[in-house]
Amino acid sequence: SQQGEEDPQALSIQEGENATMNCSYKTSINNLQWYRQNSGRGLVHLILIRSNEREKHSGRLRVTLDTSKKSSSLLITASRAADTASYFCATAVFGNEKLTFGTGTRLTIIP
Amino acid sequence: SAVISQKPSRDICQRGTSLTIQCQVDSQVTMMFWYRQQPGQSLTLIATANQGSEATYESGFVIDKFPISRPNLTFSTLTVSNMSPEDSSIYLCSVAEGVGNTIYFGEGSWLTVV
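Chains A and B, in that order, are what the protein sequence lines are. Be aware that the first sequence starts at -4, since it is given in the numbering used here, and climbs by one per residue. Be aware that the second sequence starts at 28, since it is given in the numbering used here, and climbs by one per residue.
Some clues are possibly wrong.
[Said to hold, decoys possible] Okay, the calculated beta carbon distance ranges per label pair:
1) Pro106/A <-> Ser96/B: 42 to 50 Å
2) Gln41/B <-> Asp2/A: 35 to 43 Å
3) Gln65/B <-> Arg75/A: 27 to 35 Å
4) Pro66/B <-> Ser53/A: 24 to 32 Å
5) Asp2/A <-> Ser86/B: 24 to 32 Å
6) Pro3/A <-> Val126/B: 30 to 38 Å
7) Ser32/B <-> Gly90/A: 24 to 32 Å
8) Glu50/A <-> Ser108/B: 44 to 52 Å
9) Thr57/B <-> Arg49/A: 22 to 30 Å
10) Thr22/A <-> Phe88/B: 19 to 27 Å
Since the hints were made in silico from the structure, they are not lab data. Quick caveat: nothing in here was measured; it's all calculated off a predicted structure. Ideal placement from N, C-alpha and C gives every residue a C-beta, glycine not left out.
So here's chain A without its partners, still in its complex pose (with noise of 0.2 Å):
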C-alpha cells in the first residue's frame, strides 16, 4: 500500500507563479526524495533530503521537510511551462534502501 499522501492531486498555474506540492507519510524515515516524470517517461531526480535536515535548496526547487508532522514541500518558483510533470515524493526508512511512494501530484503550467 502506499504510504505517501500528496496534495494535490493536481494543480494548473499560470506561467511565472510559483507551485507547492505538500507530501505526508506514516513512518519514521532516512530520507524523502522527490522526483518529476513526464508523461509516460521515467522518474528523474530533483532533490534528496534526510531526515535531519529542515530545508533544501536546488536552483528554482525547495523542499522543507518537517519529521514531527512526518510531511514535506516541494516549491517551485517562477514555473516554466518545461515544468509541467507529475511530482512524487518517496521515502526511505533506516537500513532499507527500498521506496515508498506517494500518490503523486499532476502539475500544468499554462502558458
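Once you've looked at the hints, dock chain B against the given chain A.
Structure of chain B alone, referenced to chain A:
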C-alpha cells in the same frame, strides 16, 4: 550519477506471452530494484534484485510471474510471464549507490498487453 538504460522502451505484447526487460547501469551499484507503475497510478516496488542470488519479492508479487536475474553489479532483467491486460504498465529499474543515497531510475519500459 548512475546512467540507467532499459530495453525495450515500449512494446505491445500478446496475451499469454512473456517479455524480458533489461536494465544496464554504467557503473557498479550495490542495490537494484524493479518497480511497476500501472496506468494513472504511483509506483509500487516489485522486488529487490540481489546479485548472485534469488530476488526478494514484495507482498503480492511472486517469482513465477516476475522472475528476476542479476548476474553482476551492473545488469538485471525482469520477465513478465504469461501476460494479461492487467500487466499493462510501465516497469522501471532503479539503483542505489549506497545506503541513504540518491536512488536513480531508468526511463522505464512501457508494456501494453492486448
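Now for the hints, and whether the structure bears them out:
1. Pro106/A <-> Ser96/B: 42 to 50 Å: holds, 46 Å
2. Gln41/B <-> Asp2/A: 35 to 43 Å: Check passed, 40 Å falls within 35 to 43 Å.
3. Gln65/B <-> Arg75/A: 27 to 35 Å: holds, 29 Å
4. Pro66/B <-> Ser53/A: 24 to 32 Å: holds, 30 Å
5. Asp2/A <-> Ser86/B: 24 to 32 Å: Hint holds: Cβ distance 26 Å, inside 24 to 32 Å.
6. Pro3/A <-> Val126/B: 30 to 38 Å: With a Cβ separation near 33 Å, proline 3/A and valine 126/B satisfy 30 to 38 Å, so the hint holds.
7. Ser32/B <-> Gly90/A: 24 to 32 Å: Holds, since serine 32/B and glycine 90/A (Cβ atoms, about 29 Å apart) stay within the stated range.
8. Glu50/A <-> Ser108/B: 44 to 52 Å: Because 45 Å falls inside the window, the suggested range holds.
9. Thr57/B <-> Arg49/A: 22 to 30 Å: The hinted range 22 to 30 Å holds for threonine 57/B and arginine 49/A, with Cβ atoms some 28 Å apart.
10. Thr22/A <-> Phe88/B: 19 to 27 Å: holds, 21 Å
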